[in-house]
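A.B. asks: Take a look at the letters that make up each chain.
Protein chains: 2
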Amino acid sequence: MAKSKKKGPPVILITNDDGVTAPGILNLIEAVKDLGKIVVVAPDKPQSGMGHAITIGNPLRLHPLQLSEGVEAWQCSGTPVDCVKLAVDKILHRKPDLCLSGINHGSNHSINVIYSGTMSAAVEAAIESIPSVGFSLLDYSLEANFEGARKYARIIVENLLQNSLDKHLVLNVNVPAVPVELIKGMKICRQAYAKYEEDFVERNDPTGKKYYWLTGKFVNFDKGKDTDVWALENNYVSVVPVQFDLTNYVLKTKLEKTWKL
Amino acid sequence: MAKSKKKGPPVILITNDDGVTAPGILNLIEAVKDLGKIVVVAPDKPQSGMGHAITIGNPLRLHPLQLSEGVEAWQCSGTPVDCVKLAVDKILHRKPDLCLSGINHGSNHSINVIYSGTMSAAVEAAIESIPSVGFSLLDYSLEANFEGARKYARIIVENLLQNSLDKHLVLNVNVPAVPVELIKGMKICRQAYAKYEEDFVERNDPTGKKYYWLTGKFVNFDKGKDTDVWALENNYVSVVPVQFDLTNYVLKTKLEKTWKL
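Protein chains in written order, with the numbering used here: chain A, 1 to 261; chain B, 1001 to 1261.
Careful, some of the hints might be misleading.
With the Cβ distance kept under 8 Å, some of the chain B side facing chain A (calculated, not the full set) [to be verified]: (1) S1048; (2) L1169; (3) K1187.
Simulated from the structure, these hints should not be mistaken for laboratory data. Built from N, CA and C at the ideal position, the CB exists for glycine as well.
Take the sequences, apply the hints, and build the full model.
C.D. replies: Shown next as structure tokens:
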């Protein structure tokens, strides 16, 4: 087992956005269970698409549950980001050595990183100086085959635990939905500019009032071979290092020149 | 009035996260009303801290309302990001020339950009190739004095409408809570690494069950004079250009060298 800089085995916080009962989180726990002391704090219901939302106008609840032998697990009434904040402040009372989020049912490549509760939990950890990884499998189904995702999650976590890490490290890892033997390996990528083109379905409710439901079709505007979308289409696991400094430095330099303040 | 590249006056979409009845959004409308055709689509209730959340498991509603003479206005049951998506797809049926979000009651400088519904609405617009600006005033109160914020919102919007813009431009504009005559001007800045240190209040509800409520104290870890926090502390309006490509290119290069895939 990899050693923590602190005494004892490394403490690994696990969360997700599909909720504590999703097969994806159980697969993540099983993949890394023997690599450290695992503590799970995850939403008590699905929280997909919650982005970096936090709960500020309402109280939060925590309830312990049995998830996997030898693993401390809590379900939380809040968002994935709330889970990370509460875990550090009220359950662990310290920063874990690593935070893992997922394994998400469905992709979080390209622009999805910004809507994803899974990735926002990982980003929140990094803001709090906890290195973190979000894992996603390109299969929305509850019966998805997580074999490849488990394999690469373990490779990545072992690697990270053996090296001294940037405390703000965040990796966005997506795994193609193909049998594990067809996965060609991992690629370090950049985020593709690819997004959903919205098309709200318009319907009338039983009282005749209009409502709208978000649907859309995914469009890739980015043909780069260094992108996560390209890697996944070619059966690689994509690994995108993510940052939370949103400053657009190129535009900053341009505005400094043209605005002449 | 500045000309749109399309026929007629520029179309300006206005949204916020404090909800359609917040004084901040009325102040923003008043500040720019004569610069184009204004269409307001904003949440029907406060949505602070919603980050980039979208509504995927529930229907959305839109209701017209009277906000300001000559201004088309809608309240939406969803998040700030939902408002932008619905506005483009179901109300405007085209991309507006500009999207403005705010004026937020309270700061969105430094890491707050990532939790802010106000800024996430602006970022969503930019993802959809609509140049956008989020405005925030460093005063949470309903009775805040928006005079300085209105003045600089107008200066910035006039400037943007007169120039050809990067379609992915997003500006995060924060205004100090001081009388307008004390504001020294605008500064183009980077996002400071400054954040809230969480401290959840733990209480028992009337049935004796524990609940937690998010509180925290703001800590600035970043002493740079090129940051938004520095600018605001020195009575400048801070302008941070924001991007939605979250790739950490420095870490990408480092991982490419060390992981040897």
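A.B. asks: Which hint numbers doesn't this structure obey?
C.D. replies: Violated hints: none; all satisfied.
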